[in-house]
Amino acid sequence: MKNLKLKAARAGRDLSQQQLADAVGVTRQTIGMIESGNFNPSLQLCVALCRALGVTLNDLFWEDDAI
Amino acid sequence: MKFFHSHMDERERMEMYTVEHYFFWVAFWGLLAAILVQDFILGAPFNQSAGEWVVFMVIAVGSCIGYARKGVYDGGISQPGVKSYLLYSGIGSLAFSILIGASMILRWQTPLHIAFGSGIVCFVFLFVLLFATMALLGAYIQNRRKKLEEKFEDEDESDS
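So the protein lines, in turn, are chains W and E. FYI, the numbering for the first sequence is 1 to 67, going by this note's numbering. FYI, the numbering for the second sequence is 1 to 160, going by this note's numbering.
Where hints are given, some of them may not hold.
Derived, one-sided and incomplete: chain W residues facing chain E with beta-carbon distance under 10 Å [stated by the list, open to error]:
hint, residue
1, Gly25
2, Thr27
3, Met33
4, Ile34
5, Phe39
6, Leu45
7, Val47
8, Leu57
To give a feel for the contact side, a few chain W residues facing chain E, derived at Cβ under 7 Å [unchecked claim]:
hint, residue
9, Val26
10, Thr30
11, Ser42
No lab work stands behind these hints: they were computed from the structure. For every residue, glycine included, the Cβ atom is placed at its ideal position computed from N, Cα and C.
Please work from the sequences and hints to get the whole structure.
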């Protein structure tokens, strides 16, 4: 499942995938794969992404209709 | 002081482990197949495949010890118990007995009834040996699981 919230939050802060990747210490490919839903990050990386984007875990990863 | 700093992120590491996992099993079964073909079909002397046997046993025993220490039994297919010990001992000893019997017929032209009898004797001995090993390993794994549970138990839960 695509993570459009992450993409939107990143674009909202005018960050490229590379800039976000550098901020959290991963490769650009990893950010791309998280956004496209091809990789599930660890909780540690999720928290790092949230801190870098100034949002909460709920904002990025919670799906209301997922259940 | 660290001389080499890893530039891998968690996804790359996970993908590397996945690749290693697949090729570990390819190497494991390939090595076993190579040993069996050499020893039982081509009739090579033991000293020719001794090195391969050593490597194979290091991998097999090392993996078993590693899994057992982490409380992992058989990749989650079953739980340690008599049923599982019977099944694995049965499969292992049956496969090896068939191999022994077949190689006796093919390599040494042993009469069928002698090869069959040897196969049965081999099966019984191996079955007992494997069952005992599995039972010991299973008991150790259950003990390890209990210890790991206690080690990481929530203090609030243990008080109540």
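ask   = Hints broken by the structure, by number, lowest first?
value = 7, 8
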